[in-house]
Amino acid sequence: MPIANVAALGATRKMLGFSRSTVKFEGGTVADLLRQLPTLDGSCLYERLVCNGKLRSDFAIVVDGLSLKADQLDRQLHGDEQVVTMAIIRHLAGG
Amino acid sequence: MATTRTATRSQGRWIPSTCGMCLHGCGIKVYVENGVALKIEGDPTNPDNLGKLCPKGNAGLARLYDSTRVLHPMKRTNPKKGLHEDPRWVRISWDEAYEIVARELGKVRRDDPRKLLCALGDFQRILFWGWPAVFGSPNFFTSLGNYCGGSYHPVNGCVDGSFAAINDYEYCNYWIQIGSGDGFSSHLHLSGSAKRMADARMRGMKVVSLDPRCSVASAKADEWIPIIPGTDRAFVLGMAHVLIHELGRYDRDFLRDHTNAPYLVKEDGDYVRDASGKVQVWDLKANAPHAWDEAPSGSMALEGTFSHQGIKLRTGFQVWKDILLENTPEKMAEVTTVPASTIRKIAKEFVDAAQIGATMEIEGKTYPYRPAALNYYRGSQSHGNGLFDNMTFKLFNMLVGNIDVPGGHLGVPLDHRGFFVSPGEDGMLKPEPHQLHPAPPFKYPPDSSHLMEWFPIGFDAGHLNAETLLNPERFGLDYRPEAMLIYHSNPWWNMPETDKIEEIFQQMKFVVAIEIQETESTQWADVFLPDQTFLESTLLNCLEPPAVTGHSLRQPVVKPLGDTRDPYDILTELSERLGFRDDWNDLLNVVCGFTAKPQYLLEPEKRHSVDEFWDRYARSIYGEEKGLEWFKEHGHAVRYRTPEETYLAYGSLRIPFYFEFIKRTGDEMRQKFAEVGLQDWPLDNYKPLPFWKNSQVIEDGKAGYEFYAITFKESLHTFADTMVMPWLTEVSEKDPIHGGILINSVTAGKLGFKTGDPIRLTSPGGSIEGPVQVVEGIHPQVFGVSNAITRDVVTNKQVKLRGTHFNRLLTGSMKYTDSATGGLESTARVRVERVKR
Numbered sequence: 001m002p003i004a005n006v007a008a009l010g011a012t013r014k015m016l017g018f019s020r021s022t023v024k025f026e027g028g029t030v031a032d033l034l035r036q037l038p039t040l041d042g043s044c045l046y047e048r049l050v051c052n053g054k055l056r057s058d059f060a061i062v063v064d065g066l067s068l069k070a071d072q073l074d075r076q077l078h079g080d081e082q083v084v085t086m087a088i089i090r091h092l093a094g095g
Numbered sequence: 001m002a003t004t005r006t007a008t009r010s011q012g013r014w015i016p017s018t019c020g021m022c023l024h025g026c027g028i029k030v031y032v033e034n035g036v037a038l039k040i041e042g043d044p045t046n047p048d049n050l051g052k053l054c055p056k057g058n059a060g061l062a063r064l065y066d067s068t069r070v071l072h073p074m075k076r077t078n079p080k081k082g083l084h085e086d087p088r089w090v091r092i093s094w095d096e097a098y099e100i101v102a103r104e105l106g107k108v109r110r111d112d113p114r115k116l117l118c119a120l121g122d123f124q125r126i127l128f129w130g131w132p133a134v135f136g137s138p139n140f141f142t143s144l145g146n147y148c149g150g151s152y153h154p155v156n157g158c159v160d161g162s163f164a165a166i167n168d169y170e171y172c173n174y175w176i177q178i179g180s181g182d183g184f185s186s187h188l189h190l191s192g193s194a195k196r197m198a199d200a201r202m203r204g205m206k207v208v209s210l211d212p213r214c215s216v217a218s219a220k221a222d223e224w225i226p227i228i229p230g231t232d233r234a235f236v237l238g239m240a241h242v243l244i245h246e247l248g249r250y251d252r253d254f255l256r257d258h259t260n261a262p263y264l265v266k267e268d269g270d271y272v273r274d275a276s277g278k279v280q281v282w283d284l285k286a287n288a289p290h291a292w293d294e295a296p297s298g299s300m301a302l303e304g305t306f307s308h309q310g311i312k313l314r315t316g317f318q319v320w321k322d323i324l325l326e327n328t329p330e331k332m333a334e335v336t337t338v339p340a341s342t343i344r345k346i347a348k349e350f351v352d353a354a355q356i357g358a359t360m361e362i363e364g365k366t367y368p369y370r371p372a373a374l375n376y377y378r379g380s381q382s383h384g385n386g387l388f389d390n391m392t393f394k395l396f397n398m399l400v401g402n403i404d405v406p407g408g409h410l411g412v413p414l415d416h417r418g419f420f421v422s423p424g425e426d427g428m429l430k431p432e433p434h435q436l437h438p439a440p441p442f443k444y445p446p447d448s449s450h451l452m453e454w455f456p457i458g459f460d461a462g463h464l465n466a467e468t469l470l471n472p473e474r475f476g477l478d479y480r481p482e483a484m485l486i487y488h489s490n491p492w493w494n495m496p497e498t499d500k501i502e503e504i505f506q507q508m509k510f511v512v513a514i515e516i517q518e519t520e521s522t523q524w525a526d527v528f529l530p531d532q533t534f535l536e537s538t539l540l541n542c543l544e545p546p547a548v549t550g551h552s553l554r555q556p557v558v559k560p561l562g563d564t565r566d567p568y569d570i571l572t573e574l575s576e577r578l579g580f581r582d583d584w585n586d587l588l589n590v591v592c593g594f595t596a597k598p599q600y601l602l603e604p605e606k607r608h609s610v611d612e613f614w615d616r617y618a619r620s621i622y623g624e625e626k627g628l629e630w631f632k633e634h635g636h637a638v639r640y641r642t643p644e645e646t647y648l649a650y651g652s653l654r655i656p657f658y659f660e661f662i663k664r665t666g667d668e669m670r671q672k673f674a675e676v677g678l679q680d681w682p683l684d685n686y687k688p689l690p691f692w693k694n695s696q697v698i699e700d701g702k703a704g705y706e707f708y709a710i711t712f713k714e715s716l717h718t719f720a721d722t723m724v725m726p727w728l729t730e731v732s733e734k735d736p737i738h739g740g741i742l743i744n745s746v747t748a749g750k751l752g753f754k755t756g757d758p759i760r761l762t763s764p765g766g767s768i769e770g771p772v773q774v775v776e777g778i779h780p781q782v783f784g785v786s787n788a789i790t791r792d793v794v795t796n797k798q799v800k801l802r803g804t805h806f807n808r809l810l811t812g813s814m815k816y817t818d819s820a821t822g823g824l825e826s827t828a829r830v831r832v833e834r835v836k837r
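Protein chains in written order, with our numbering: chain A, 1 to 95; chain B, 1 to 837.
Warning: the hint list may mix true and false statements.
If you want a taste of the chain B side facing chain A, the calculated C-beta under 7 Å gives, among others [unchecked claim]:
1) Ala333
2) Asp586
3) Asn589
4) Ala596
5) Pro598
6) Leu601
7) Pro604
8) Gly704
To be clear, the hints were calculated from the coordinates, so they are not data collected in a lab.
All figures in this text were calculated on a predicted structure; none of them were measured in a lab.
Think of the CB as a built atom: it goes at the ideal place given N, C-alpha and C, for glycine as much as any other residue.
Generate the whole structure from the sequences, applying the supplied hints.
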């Protein structure tokens with residue numbers, strides 16, 4: 001069973017109720033991991049972050065430093081990867 | 001006296017640090033003796049500024065020890081607010097200050113967090129600009145950067161994933177400078193750039209400067225060409241006409257193989273695609289369309305009009321070539337007042353110098369060599385059609401194939417991360433118009449008061465607040481901001497339509513300022529939280545480095561004066577008291593890039609110290625061995641960019657000659673506005689290629705505004721801070737160009753004005769008054785106002801108030817805003833009258 005080191009930031013931290021956790025999960029893809037991360041509202045992170053099989057545009061997932069594209073949830077995790085989940089903040093003041 | 005001083009100095013030490021007198025952060029060393037900073041010099045080990053320092057940097061001690069600094073938290077006791085209303089400050093503790101701010105902002109946050117309006121101007125702490133976002137507010141209330149770069153930055157991001165641009169100091173031989181102080185008086189890393197420019201001149205580089213005023217660059221150039229403000233694009237379109245239609249000299253290989261210039265487009269402006277969706281080019285051998293990545297390069301048509309299945313097709317290059325037909329030097333001369341013969345002469349000199357076809361080898365790799373380039377900045381492109389200005393200047397450079405090659409026009413990255421390079425569609429580099437944050441999706445009603453959701457390729461057009469906040473219903477805004485946070489920003493000074501800005505200030509129920517000194521804007525503050533100067537605080541800085549990369553450390557060289565605090569501490573404490581420190585830490589995790597190296601992630605539940613935060617930031621970039629302690633000892637990790645990092649960093653990806661991405665974005669915006677029933681929002685600048693059209697400023701001439709007014713700055717001053725520093729104002733007061741409203745001697749003679757006469761300039765937006773300063777070096781149709789004379793509230797009694805605030809002449813409405821980028825028009829049409837003494 002693979003292990004992923006999950007860091008949940010911002011909105012996803014509030015969904016999951018934790019900020020850091022080492023998670024054992026069945027299967028081998030990022031999607032599998034998300035399905036096995038229960039959220040506080042009784043759902044799972046996959047249900048909250050994924051729409052029609054693709055990562056919603058207002059969220060981001062970083063695996064070992066690389067940001068996944070929306071259609072890359074089938075990315076294989078072999079174990080011990082660092083997975084960061086977060087909401088995208090679009091209104092950073094700039095100038 | 002000298003002997004005593006020398007003897008005492010031996011007890012002191014030099015501490016490496018980073019200048020904070022502008023955003024770019026030159027390396028410095030500060031001599032400190034007995035806890036007192038006595039001297040600042042450029043750090044010769046830092047390749048960014050090469051040991052040089054500008055007047056602002058040399059005057060840094062005057063900011064640290066300015067007797068009018070605010071050194072303790074204060075609260076207002078005068079409920080009446082206004083520009084010249086004494087706030088009647090009383091000193092309070094930090095705890096009381098935080099308690100007041102948390103209470104008032106807490107009320108706003110519970111009601112509707114969008115009701116907080118933030119003005120953030122501390123560029124060196126750009127990592128902290130997301131604080132309003134974690135508060136819950138999308139609003140941005142200042143046009144500090146938009147004033148200069150509203151159109152500039154998005155176009156750079158679209159062309160090569162850069163944030164800014166500069167010509168290649170090292171290899172350029174012919175440098176056209178348009179409305180910019182690069183290498184002479186301002187913009188990118190002045191101290192080092194001035195040295196690089198001087199070196200280039202010594203080896204024989206020629207400089208031609210276009211500017212309405214005989215700026216420092218113009219005065220030192222081989223040739224100064226005075227021009228009507230905001231018509232630089234017409235001059236360059238005229239030169240492009242000469243290259244294409246008269247001389248027939250342009251880099252066909254570059255345009256065909258490295259841009260989308262050969263891609264076929266239909267009459268509606270869209271690409272021609274085959275059934276599988278692939279963009280087509282015209283295969284000259286087959287005399288038929290062919291997929292762009294399958295046609296042999298040698299048979300790909302760069303130009304031409306073709307017919308296929310009864311449909312007229314042109315290459316992107318041909319479309320611009322056809323546009324340029326009407327931009328003859330004679331016609332452009334009428335617009336610019338630059339003689340047609342001069343346009344032809346400069347165009348020929350430029351293409352002669354470009355050496356199209358030449359190559360050079362650097363470190364074993366062969367690059368195209370194009371030692372001629374056109375450089376530009378605010379004066380030439382901060383206009384109502386700024387998108388077209390920027391596109392024109394880029395395309396002109398592309399005509400000789402000089403983009404990102406030795407000798408040419410080089411992208412400058414936003415920071416240490418380098419160019420934003422990733423594959424886009426159709427073989428193109430992915431356009432990155434937004435590098436400070438992702439573009440928010442279209443929304444109606446909008447969330448942000450500066451309508452960010454309506455500018456998908458634009459910057460944060462803070463000046464639009466002057467329109468939206470006084471008429472929120474007109475823009476669909478269903479709330480009205482009630483509180484303001486000012487963090488090292490002076491929106492009263494840096495925004496157009498000053499009267500409206502004052503009205504917005506008056507509407508605020510609560511204003512908190514994090515500042516070093518009182519400003520015009522802090523006149524409305526209820527609580528003043530005293531910031532530390534760059535000689536008392538900590539950060540790592542790397543912003544828009546033109547030749548180098550890597551961070552430089554700002555570190556406290558003396559004990560902070562009074563009871564001031566580092567803004568990291570202030571914002572963290574406010575986050576804690578407002579109940580979102582966890583979100584603040586997570587935001588910093590994202591913007592600092594800790595998500596890519598999770599071992600450095602800030603724990604949401606922990607309060608990290610200033611040093612701990614910057615230590616993690618340093619180690620996340622430079623590795624475990626280069627934490628904050630390493631930087632404290634060495635000062636910086638700045639190094640020259642390698643040729644691979646500088647030249648053609650995007651490899652074989654094509655860059656846009658035909659800005660199809662912008663055209664397509666405009667089409668999508670039209671559809672979205674139509675869906676919500678907003679038909680009258682201007683979207684006319686979403687065009688794939690630039691052309692000439694009169695700006696609103698030119699049109700204003702028909703309403704009796706005979707002259708033009710411009711503002712300018714020299715190396716003495718930037719932003720608002722330096723104009724209240726006695727050391728610097730004493731110098732600028734001795735220079736006549738900062739003595740009043742500049743007017744050409746011929747025009748002054750016709751109008752009967754002489755130096756010292758009080759006059760009033762009136763534009764469609766407002767009016768200003770000041771004394772005449774007759775000079776030779778300004779276009780006869782132009783009035784010039786130095787930024788040195790624009791401040792209106794100064795607490796230091798040694799500084800003379802001038803109050804000739806140029807921005808009062810500007811208008812912040814959409815008529816004076818680029819409809820695609822949100823870039824602001826920085827020139828005004830004016831009429832002039834004598835004022836009775």
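Verification of the supplied hints:
Interface restraint check for Ala333 (chain B): the shortest CB-CB distance to chain A comes to about 36 Å, outside 7 Å, so the restraint is violated. The interface hint given for Asp586 (chain B) holds, since its Cβ lies 4 Å from the closest Cβ of chain A, which is under the 7 Å cut-off. About 6 Å separates the beta-carbon of Asn589 (chain B) from the nearest beta-carbon of chain A, less than 7 Å, and the hint is met. The criterion of a C-beta within 7 Å of any C-beta in chain A is met by Ala596 (chain B), whose closest approach is roughly 4 Å, and the hint holds.
Proximity of Pro598 (chain B) to chain A holds as hinted, the smallest CB-CB distance being about 4 Å (cut-off 7 Å). Taking 7 Å as the C-beta contact cut-off toward chain A, the hint placing Leu601 (chain B) at the interface holds, the least distance being around 6 Å. Proximity of Pro604 (chain B) to chain A holds as hinted, the smallest CB-CB distance being about 5 Å (cut-off 7 Å). For Gly704 (chain B), the shortest C-beta to C-beta distance to chain A is roughly 34 Å, which exceeds 7 Å, and the interface hint is violated.
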